[in-house]
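*Asks:* Chain A is already provided as a structure; the job is to place chain B with the ligands on it using the hints.
From first to last, the protein sequence lines stand for chains A and B.
The working numbering puts the first residue of the first sequence at 1, with every later residue one more than the last.
The working numbering puts the first residue of the second sequence at 1, with every later residue one more than the last.
What the hints contain is simulated information worked out from the structure, not anything from laboratory work.
Here the structure is a predicted model, which is why all the values come from computation and not from measurement.
Wrong hints could be hidden among the right ones.
Stated by the list, open to error - With a Cα cut of at most 30 Å, we get these calculated DSS-like pairs of lysine-lysine: (1) B:Lys77 to A:Lys318; (2) A:Lys11 to B:Lys28; (3) A:Lys322 to B:Lys137; (4) B:Lys81 to A:Lys123; (5) B:Lys77 to A:Lys178; (6) A:Lys322 to B:Lys117; (7) A:Lys408 to B:Lys116; (8) B:Lys27 to A:Lys22; (9) A:Lys358 to B:Lys117; (10) A:Lys408 to B:Lys27; (11) B:Lys137 to A:Lys318; (12) B:Lys28 to A:Lys177; (13) B:Lys123 to A:Lys322.
Said to hold, decoys possible - Residues from chain B shown here face chain A by an in silico Cβ test under 10 Å; the list is partial: (14) Asp15; (15) Phe16; (16) Ala19; (17) Gly20; (18) Glu21; (19) Ala22; (20) Ala24; (21) Ile52; (22) Ser103; (23) Lys116; (24) Lys117.
Claimed, not checked - Estimated spans, in silico, between C-beta atoms of each pair: (25) B:Ser36 to A:Ile312: 26 to 32 Å; (26) B:Leu88 to A:Lys322: 23 to 29 Å; (27) B:Ile86 to A:Val339: 47 to 53 Å; (28) A:Lys178 to B:Gly105: 32 to 38 Å; (29) B:Gly105 to A:Pro40: 38 to 44 Å; (30) B:Pro37 to A:Val339: 41 to 47 Å; (31) B:Lys91 to A:Asp93: 33 to 39 Å; (32) A:Asp10 to B:Pro37: 45 to 51 Å; (33) A:Arg132 to B:His8: 40 to 46 Å.
The beta carbon of each residue, even a glycine, is placed where N, CA and C say it ideally should be.
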Amino acid sequence: MEFFHSVTLDKEKCKGCINCIKRCPTEAIRVRNKKAFIIPERCIDCGECIRVCPHHAKKATCDPLDVISQYEYAIALPAPALYGQFNNMDDIDILLRALIDFGFNEVYEVAKAAELVSAATRKMMREGNLKRPVISSACPAVTRLIRVRFPNLIEHVLPLNAPVELAARLSKEAAHKKTGIPMERIGAIFISPCAAKVTASKMPLGTEKSEVSAVVSINDIYPRLLSLMHLPDSEQDSLVQSGKIGVAWGTSSGEAAGLLNDSYLAADGIENVIRVLDDLEDERLNNLEFIELNACSGGCVGGVLTVENPYIAKAKLKRIVKYMPVSMNHIDHVPKEAVWDSNLEYAPVLTLDTDMHKALEKMSELEAIEADLPGLDCGSCGAPSCRALAEDVVRGAASPDDCIFKYKESIESLIRDIHRIEASIPPPFRTGEDEDASQ
Amino acid sequence: MNDALHLHYFVDGDDFTRAGEASANVKKTLRQIGVSPDAIRRVAIVLYEGEINMVIHANGGVIDVDIAPDQITMVLKDTGKGIADIELAMKEGYSTAPEEVRSLGFGAGMGLSNMKKYSDEMKIESTVNVGTTVTMKVNLS
Ligand SMILES: Nc1ncnc2c1ncn2[C@@H]1O[C@H](COP(=O)(O)OP(=O)(O)OP(=O)(O)O)[C@@H](O)[C@H]1O
Ligand code: SF4
Ligand SMILES: [Mg+2]
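Isolated chain A (complex conformation) (with noise of 0.2 Å):
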């Protein structure tokens, strides 16, 4: 299976330490000839090794900004994490009448589409047959996740496209009603927070292709919009289309909040993340209706591809939000281009093997080569832990040698052999043991 990954490693800039495999969730990261190797089945995207790397040497491949002029008619679809970007910004068509001035033809709001997302929830969860309780699929990140390391949990995710996908559906449907330009000259392009929803777009998850034409960063779009920010006349007509509850996305718990149901648990950052997944899987946490989980600290403000502290973002947003309607955006009914057409598959890149004897064979090899190890989980051998060398060495991807520990022991046994055959040499071959010989 070919992969598609918008976290990639810069080689040149790779000095081979061992911060990033230390830092990855998913163990997904190797030294290899003095360099970082990602093992692509693995990686979720999440943007980890990107935030820890001292040499900036991971990064995020995504679109230039100059990809919206191979359209006819090009839609900007700006993530609600980007509206907590500027200071002192009440007014939101400061900023999309910015977008408009760089040269897109139509602004599409991800949060009109968050709006509509949240009223679909509300009504598929009133009507009740999900499995309680549902996990948000909003963060792409979160999704592979759950996919690679909590097969038991897939049922529980709610199978609704993200936002950034019905909106760009909608609003390309839209446009080329309005305007009659063919739908492939039609580009709906999401001005995004972070590397998770590059690859989205190009590999989704719940549906089989995506409609979203290409990903641009914020931190790429953010100077060039500043310098476009200003006073809308007041003669024109307001772009906004969205309210609270879709602005409130780009923070943790605002998926949540939209659901007006108080029974739900918000986690951001990818470690709390995973320890909520442990705890429910485990069924640790009862009585939930709803679980927004966040790979990033804060939220989607806190994306690798924004340019705001997380935190100081949030208070921008709270504050853009204190007087805006509840929502714009009201349906009875759940758009079809919101509900995902393929199911989400279970992909056990993390199982030893597919056949459950064979698996545990490995898995007792395992534990016998890990007790063996030092357990000082120093990553020298370029692993992430004694236990990841373990389970690479049973998968035949290296050798107990790698650690450089049982590398010395092998070394200083080698040493006493040589010593010891050394000291068993032949007779005939031995030298001044004249004396004993004659006796």
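*Replies:* Frame of chain A, contents of chain B with the ligands only:
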């Protein structure tokens, strides 16, 4: 006063997601009329707080807005549970808002005090189990 413009809104108490729409509409209209930005801001704030209160604490109601060249008068009338102790309700931080709206930022108990602060005149008439009428004025000159 005969060149006053009158706006009337029905506020649905059953659909919380529509709360705040009436004030958004008034704000839009005031912009088109060319009312000063400061007055628009004050009207938008006090009307928003009043409208949200009608939805959260009463079961919706009606809003009447009179726009005269010198003054904007807003009357928010509901037939909800009423406010037993108005003085207590006016205190900053006092709130009986339910949990499920708190995560959207409501329930700080600041609404009534902001309405008082940003309007030039405010009057609350309320009878328990009959309803509440809030009248606010913002001067334009
Ligand atoms: N129209 C109303 N009908 C009945 N009770 C009301 C009404 N308006 C306000 N109250 C009562 O007065 C209290 C204080 O109102 P206030 O607007 O100051 O705070 P809040 O609505 O609870 O929180 P916030 O406005 O900060 O979101 C409310 O919690 C409620 O008990
Ligand atoms: S929390 Fe938001 S910004 Fe972070 S990875 Fe998930 S979708 Fe992207
Ligand atoms: Mg209030």
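*Asks:* None of the hints should be skipped; say for each whether it holds.
*Replies:* Here is what the structure says about each hint:
no.: 1; hint: B:Lys77 to A:Lys318; in the structure: holds, 29 Å
no.: 2; hint: A:Lys11 to B:Lys28; in the structure: violated, 54 Å
no.: 3; hint: A:Lys322 to B:Lys137; in the structure: holds, 22 Å
no.: 4; hint: B:Lys81 to A:Lys123; in the structure: holds, 28 Å
no.: 5; hint: B:Lys77 to A:Lys178; in the structure: violated, 42 Å
no.: 6; hint: A:Lys322 to B:Lys117; in the structure: holds, 16 Å
no.: 7; hint: A:Lys408 to B:Lys116; in the structure: violated, 77 Å
no.: 8; hint: B:Lys27 to A:Lys22; in the structure: violated, 53 Å
no.: 9; hint: A:Lys358 to B:Lys117; in the structure: violated, 73 Å
no.: 10; hint: A:Lys408 to B:Lys27; in the structure: violated, 76 Å
no.: 11; hint: B:Lys137 to A:Lys318; in the structure: holds, 27 Å
no.: 12; hint: B:Lys28 to A:Lys177; in the structure: holds, 28 Å
no.: 13; hint: B:Lys123 to A:Lys322; in the structure: holds, 24 Å
no.: 14; hint: Asp15; in the structure: holds, 7 Å
no.: 15; hint: Phe16; in the structure: holds, 6 Å
no.: 16; hint: Ala19; in the structure: holds, 5 Å
no.: 17; hint: Gly20; in the structure: holds, 3 Å
no.: 18; hint: Glu21; in the structure: holds, 5 Å
no.: 19; hint: Ala22; in the structure: holds, 9 Å
no.: 20; hint: Ala24; in the structure: holds, 5 Å
no.: 21; hint: Ile52; in the structure: holds, 8 Å
no.: 22; hint: Ser103; in the structure: holds, 4 Å
no.: 23; hint: Lys116; in the structure: violated, 17 Å
no.: 24; hint: Lys117; in the structure: violated, 14 Å
no.: 25; hint: B:Ser36 to A:Ile312: 26 to 32 Å; in the structure: holds, 31 Å
no.: 26; hint: B:Leu88 to A:Lys322: 23 to 29 Å; in the structure: holds, 24 Å
no.: 27; hint: B:Ile86 to A:Val339: 47 to 53 Å; in the structure: holds, 49 Å
no.: 28; hint: A:Lys178 to B:Gly105: 32 to 38 Å; in the structure: holds, 35 Å
no.: 29; hint: B:Gly105 to A:Pro40: 38 to 44 Å; in the structure: holds, 41 Å
no.: 30; hint: B:Pro37 to A:Val339: 41 to 47 Å; in the structure: holds, 43 Å
no.: 31; hint: B:Lys91 to A:Asp93: 33 to 39 Å; in the structure: holds, 35 Å
no.: 32; hint: A:Asp10 to B:Pro37: 45 to 51 Å; in the structure: holds, 48 Å
no.: 33; hint: A:Arg132 to B:His8: 40 to 46 Å; in the structure: holds, 43 Å
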